[in-house]
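Q: Spelled out from the first residue to the last, the chains are:
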Amino acid sequence: MRRQCDFLKRGLFEPGRGQSINPWLVGRVRWPERPGELSEQRKLLAEHATIHMTQDKKLLVSAIKNGTVIDHINAGQALKIIRFLNLAAQNKLVTVGLNLPSKLMKIKDLIKVEDWEISLEEANQVALIAPQSTINIIKNYTVTKKFALKLPEKIEHLLVCPNPKCITNHEPMDSFFYVKLRKQKVEVSCKYCEKQFALDEIKDYKI
Amino acid sequence: MPSSLINRDLISINDLTKNEILFILQLAKDLKAKPQPTLLQNKVLASLFFEPSTRTRLSFETAMERLGGRVIGFADKDVTSASKGETLYDSIRIIGQYADVIAMRHPLEGSARRAAEATDKPILNGGDGANQHPTQTLLDLFTIQETQKKLTGLSIALAGDLKYGRTVHSLMQALLHFSPHYLEELKKNKIKFSLHEKMEEVIKQADIFYLTRIQKERFADSMDYERVKNVFRLTLAHLIGVKKNLKILHPLPRVNELDDKIDTTSHAYYFQQAENGLYVRQALLGAVLGKI
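Residue numbers (my numbering), protein chains in the order written: chain E, 1 to 207; chain P, 1001 to 1292.
Errors might be hidden in some of the hints.
[As the list claims (entries may be wrong)] Derived lysine to aspartate or glutamate pairs resembling EDC-like cross-links, with alpha carbons at most 16 angstroms apart:
no.	chain 1	residue 1	chain 2	residue 2
1	E	Lys191	P	Glu1051
2	E	Lys165	P	Glu1051
3	E	Lys139	E	Glu187
[Said to hold, decoys possible] Label-pair ranges, simulated between beta-carbon atoms:
no.	chain 1	residue 1	chain 2	residue 2	range
4	P	Lys1018	E	Pro164	28 to 38 angstroms
5	E	Glu121	P	Arg1254	47 to 57 angstroms
6	P	Asn1245	E	Tyr178	32 to 42 angstroms
7	P	Ile1072	E	Pro172	37 to 47 angstroms
8	E	Lys146	P	Gly1290	50 to 60 angstroms
9	E	Thr95	P	Ser1053	49 to 59 angstroms
10	E	Ala148	P	Ile1072	53 to 63 angstroms
[To be verified] Under 8 angstroms between C-beta atoms, here's a sample of chain E residues computed to sit facing chain P:
no.	residue
11	Thr144
12	Thr168
13	Glu171
14	Pro172
15	Cys190
Quick caveat, the hints were computed from the structure, so don't treat them as lab data. These numbers were taken from a predicted model, which means no experiment stands behind them. Quick reminder that beta carbons are idealized off the backbone N, C-alpha and C, glycines included.
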């Protein structure tokens, strides 16, 4: 337990709501037996602790000193986000966790990128794929910025229109989609061919 | 109102407000009643047809000529640089420097919107694949208004190729302004609609019966086409007991879905509908060039 507390006190993970960590609180969090009684902040703290440490106290995903953490990604979407943000081509150190245990989501994906700060536009693109994810900017092991995610109104360049007869698939040009939420599902409509698609109908990206 | 249309593109019927549609219909009515042979003197229309067309191309070109303007263009993409691999963007950018207004048809969906980005001259979409054909829609509305003296409170039956027929898609969108609506939108707006498999089930209640050709060229599977090609065939027998004011419209060309024996009945109005394309396109040309 001592090792866990030190680890938490040093801020090697992102606190739930951006506040500095209360050592008393952290000391108490460990492995909660009755999560239903915990406050939201404690739940998040507990969850982070769970991710970083397993029962045998081994680190699953290492904390980063500076960079961006995209957490609470619904399981299976992390690789799509990496493709969307073109993270593989940026020569940054990227740590990906797939199907990590999560108290809130049962399983989740997580991405950490060292020495890279996500822009608002990019964060909103993440919202497109994983609207409930949390994005934190870390500086010196401390969360310095949190993004309130919202769906972008439009997406340029990224998506390939699934309509084979759309002009965007025949000319050297950027695609352009309008985004809207319909019955809790993200729908995109091509500015050019005017066809509408559910997001999971988009199979290809211009990356 | 005219000022809002000056130098505007007409790519999709959704680009127009209800008032703009009504304004264009009024202009077309005026031009039908009183021709203006010198309105567009010294103006040049580029008529660019990358896909075959008879009525749309000829009526655009005639509309320009009858308003005193001139026409350049082509009716076969094989005679253009597109056949050498030039992008649509480059072609339109260059042609936009020659002409005052461009009417175009292209087989790819979204091509007209793309063309509009290449030039600041107004683009009038004469059909982009299965997507939009707004001038056809305007002439359909004009014809409905002409025959029924109104655009509201009508029973409109749409039959034929409801999947690939772009005229049906555009007409439905335009009619949103006046009442009938796409299925989901229909439900949302509590507008009465029904779906039928046989024309006989609806023709007796209809004020307008809008029939379309099965779009053979848009079927990915020719077996599908063979299966449906003879399903909708309107004959004289269907017209027994229909409303007196029923008018049959068809964007033409027809293949076998519309029996030519109907042509001589008081219900046939598709040839006048095709003629109205001339006045609607004159109205559009005059409006976007700021002359009306």
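Q: Now tell me, hint by hint, if it's right for this structure.
A: How the hints compare with the structure:
no., hint, verdict
1, Lys191/E / Glu1051/P, "22 angstroms, violated"
2, Lys165/E / Glu1051/P, "14 angstroms, holds"
3, Lys139/E / Glu187/E, "35 angstroms, violated"
4, Lys1018/P / Pro164/E: 28 to 38 angstroms, "34 angstroms, holds"
5, Glu121/E / Arg1254/P: 47 to 57 angstroms, "51 angstroms, holds"
6, Asn1245/P / Tyr178/E: 32 to 42 angstroms, "40 angstroms, holds"
7, Ile1072/P / Pro172/E: 37 to 47 angstroms, "26 angstroms, violated"
8, Lys146/E / Gly1290/P: 50 to 60 angstroms, "52 angstroms, holds"
9, Thr95/E / Ser1053/P: 49 to 59 angstroms, "58 angstroms, holds"
10, Ala148/E / Ile1072/P: 53 to 63 angstroms, "54 angstroms, holds"
11, Thr144, "40 angstroms, violated"
12, Thr168, "7 angstroms, holds"
13, Glu171, "5 angstroms, holds"
14, Pro172, "7 angstroms, holds"
15, Cys190, "7 angstroms, holds"
Checked against the numbered hints listed earlier, the structure breaks hints 1, 3, 7, 11; every other hint is satisfied.
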